[in-house]
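Visitor: Order-wise, the sequence lines are chains A and B.
Just so you know, the first sequence maps onto residues 1 to 578 in our numbering.
Just so you know, the second sequence maps onto residues 1 to 189 in our numbering.
No lab work stands behind these hints: they were computed from the structure.
You can trust all of the hints, since none of them are fake.
Now the stretches of chain B that chain A is said to cover, found in silico as 3 or more residues with beta-carbon under 8 Å:
1) 68-78
2) 102-115
3) 118-127
4) 148-157
5) 165-173
Glycine is no exception: its CB is placed at the ideal position from the N, C-alpha and C atoms.
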Amino acid sequence: MVNNDTPATDGGGEASAAEETGTRRSNRFKKLDERAVTEDGFVNEWPDVGFVAMESPNDPAPSITVDDGQIVEMDGKDRDEFDFIDRFIADYAINVERAEDAMDVDSESFARDLVDINVPREEIVELSTAMTPAKLVSVVNHLDIAEIIMAMKKMRTRQTPGNQCHVTSVEDNVAQIAADAAEAALRGFYEVENTVGVARMAPLTALAQQIGAQCGRGGVITQCAVEEATELELGMRGMTGYAETVSVYGTEDVFKDGDDTPWSKAFLASGYASRGLKMRYTSGAGAELNMGQAEGKSMLYLETRCILVTKGCGVQGLQNGGISCIAIPTSVPAGVKEVAAENLITMMADLEVASGNDQTFTHSDKRRTARMMPQFLAGTDFIFSGYSAVPNYDNMFAGSTFDSSDFDEYNVMQRDLQVEGGTRPVDEETVLEYRERAVKALQTVFEELGFPPITDEEVDAAIYADGSKDMPERSTAEDIEAAEELLEDGVTGADVVKILAKNGFETIAQNMLGILKGRVAGDYIQTSGIFEGDGEFDIVSAVNDPNEYQGPGTGFRLEGERWEEKKDIRFAVDPEDI
Amino acid sequence: MAHAQQQTRTLELTETGVATEGTATDEVVISISAGFNELKDETLAGVNLADVLREMMAGIEEEGLTPRVVRFTDTLDLGVIGLRGAKLSGSGISIGIQTRGTTLIHQEDLVPLSNLELFPQAPLIDLETFRAIGKNAARYAKGETPEPVPVANDPMARPKYQALAAVWHIKEMQYKDEDKEPMELEVSF
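From just these sequences and the hints, can you work out the full model?
Guide: Below, the structure is given as C-alpha cells:
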C-alpha cells in the first residue's frame with residue numbers, strides 16, 4: 001500500500017485521489033478521512049466468487065424428496081450429484097421423518113413463528129432440525145436484525161447466558177498466563193482459551209492456564225487452541241478440559257485442502273467424547289472465501305452447511321459468528337447481520353453457540369460495539385467465543401473486539417441495560433491476591449517438575465502486570481525443551497494435582513481434580529454444559545437449564561444476586577458518603 | 001512499511017526441472033506458492049518479493065548453508081507446501097511462503113498444521129524478520145535449537161488486510177495447476 005498520511009480506504013484509494021490532483025478538499029471530509037473506520041477493509045460484493053454475505057444469486061432454492069426414509073434429492077440436486085457434504089447432511093443431520101412437513105411450511109410464516117413468543121422453542125426445533133440448508137437460509141432471510149435478536153433470545157439452548165475469554169501472551173510467558181487466567185476466572189468467565197505464538201510451547205501454556213483458572217474459580221474449563229492432534233493429546237492428559245478448534249467447512253474443496261472430510265471430523269469428535277472432554281466445532285462466514293473456494297455461494301448458505309455438518313457429527317456445539325475470518329463478512333454489505341443470522345441458525349439446529357465477537361474486524365470502537373449488540377442483548381451460550389482477558393497486543397488470536405482495557409466499560413454496559421454479559425466487577429485487592437496465588441502455584445509446579453525456574457522477580461512482575469511488556473525476559477528455547485519433556489515423560493493432570501496438594505495449594509489441587517473427575521462423569525459434555533459455583537462443580541446445561549423464554553416474565557432475567565453484583569462497579573459514588 | 005528504500009530489485013525465477021528429494025544435509029528449501037512473483041512482485045504490505053527472497057537466502061547462507069527454491073503449483077495451502085518442501089530438503093527443513101507474505105518454517109517429520117515457527121500476520125513481516133527466518137531455518141537444519149524469531153502481533157492487521165488478502169488469494173488460485181509437479185527454480189536478481 002503506497003500510503004501517505006491520509007488513511008485511504010483499502011483497495012479503493014479514492015479518498016486521497018483528490019489531494020494528489022490538487023483539488024481543494026472539504027474540511028469535513030478531510031476530518032472524516034481521519035476517523036478509525038476508514039482504516040477498515042471494505043470490499044464491494046462479487047457474487048461470482050462468493051464475496052456476498054447473504055442471498056447470492058447462486059444459492060440453491062430449498063427442496064427435498066424422501067424415498068423410503070432416505071433423502072434422494074435436496075436443494076435442487078439429485079443424490080447422485082451430491083458432494084460429500086450434501087451426502088453427510090442428508091444422511092446424518094436432517095430429521096428425515098419430519099423433513100417433508102418442515103419443507104412444506106412457508107418460510108415467511110416459519111420466520112414469524114421464530115419471533116412469536118407464543119410459539120415455544122420445542123415446536124420450532126421440531127421442524128428446524130428437519131430442514132435443508134437452503135430452507136434454513138430462506139427462513140432466516142426473512143428476518144431483520146431486531147427480529148434475529150428476538151429469535152436468538154428464545155432459541156439459544158441454555159437459558160443462562162455466559163462468556164468465554166482468551167488468555168494468551170505474545171511471549172508465551174507462563175507466569176503471566178497463570179496470573180491472567182486466575183483473574184479471568186474471578187471476573188466470571190466460564191471458559192478460558194489459550195493459544196500460542198510458538199506451537200511447541202502449548203503443553204506449558206495449557207498447564208499454566210489451567211492452574212491459574214482453577215485458582216480463580218474452581219470449575220472454569222480451559223482449552224489450548226493448537227493443531228488438532230496436539231489439542232486432543234493435551235486434553236487426554238488433563239492439561240485442558242475442553243476443545244473448540246475443530247474446523248469444519250462449507251465446500252468440499254476446502255475440506256479436502258485440509259485433508260479432511262465430515263467423517264474424519266466425526267471421528268475426531270468421538271475421540272474427545274470417549275474421553276469425556278467437552279468439545280465444539282469451529283466454522284464461520286468467510287472461511288471458504290478466504291480459501292478461494294466459495295463456489296459463488298453466499299457466506300450464510302455455506303455456513304449453514306457447516307452448522308449441519310456439526311449437527312450430523314453429533315457434536316454438542318459450535319463456535320461461529322465469523323470467527324477468524326470475521327473481517328471478510330464485515331467487509332461486505334449486511335455482513336454483521338449475516339454473522340448474527342449464522343448464530344441463530346446454529347441455535348435452530350439445537351446446538352450450543354459460542355457466538356463470535358472475539359476477533360478484531362475493525363479499527364472503530366463504535367463499530368465493534370455495534371457488532372456485539374445482537375448477541376449481547378439476546379444473550380447466547382457464550383456471547384464472546386473469546387473476550388480478550390489480556391491486552392490486545394498480547395492476544396495471539398490476532399486481537400479480540402473487546403480486551404482487558406474494556407473490562408469496566410463492558411461491566412457498565414451490563415449495568416446500564418440490565419443485561420447478563422458474563423463478566424462481573426472485581427476489586428483490585430482481590431485480583432492481586434488471586435494472581436499471586438496462581439503464579440506461586442505454577443512456580444512450585446515448575447520447580448517440582450524440574451522445568452526452567454520461575455524467578456521471584458517473574459512472580460512479582462506477573463502479579464502486577466497488565467501484559468507481557470511488564471514481564472522480564474524469559475528463554476522460550478528453554479521452555480520449549482521443558483514442554484517437550486512434559487510430553488515425553490508422560491506428565492498428566494493427576495501428577496500436577498499431586499504436586500499442588502503436596503505443596504500447600506490444596507484448593508487449586510481440589511479444583512483441578514474436580515475438572516478431571518468431571519471428565520470421568522462426562523455430564524458436562526451435554527449440550528452447552530458449564531460448571532457453576534466455585535469448586536462445587538454444579539453442571540448447568542441445556543438439559544437442566546433449558547431455555548424456556550416465551551415473552552415478558554419468562555426465561556432468564558438478570559435479577560437477585562447476579563444483578564446486585566453487576567450494580568457494584570468500582571467507581572460508582574455512594575450518595576450516603578457525600 | 002519498509003519498502004520505499006533502494007532502487008527496486010527485480011527477481012527472475014527460471015524453472016530448471018521437476019524438484020527432486022535432496023540428499024545434501026546442508027540445504028534448506030524455500031517453498032514458494034503458485035503466484036509468487038507472478039501474481040504480484042510484492043507482499044500484501046508492499047515489501048518487494050525479490051528482497052524477501054534475497055534476505056531469506058542470505059540468512060541461510062550466513063549460517064553456511066545452501067538455499068534451494070522450489071515452486072509448488074498444485075496447492076496453495078501454506079502448511080502443505082511448507083511440509084512438502086521440508087520433505088524435499090536434504091536437511092528436512094524448509095521455509096514456506098505465499099505471495100502475500102505469510103511465512104513458516106517447517107520440518108519433514110511434523111504434520112501440516114504443526115510447524116517449527118509461523119508468521120501468520122503477513123503485513124507485519126519486514127526484511128529484517130525475513131533474514132532472521134532464513135537464519136533460524138538454517139540453524140534448525142544444523143540441528144540447533146535457536147530462540148524463535150520474535151512473532152509480531154498487531155490486532156489491527158486483520159481489519160485492515162483480511163478481506164484484501166482473501167481477494168489476493170482468490171486471484172492467486174488462478175495460478176494453481178493441480179497436475180503440475182513442484183519445480184526447481186533458478187533465482188537471479
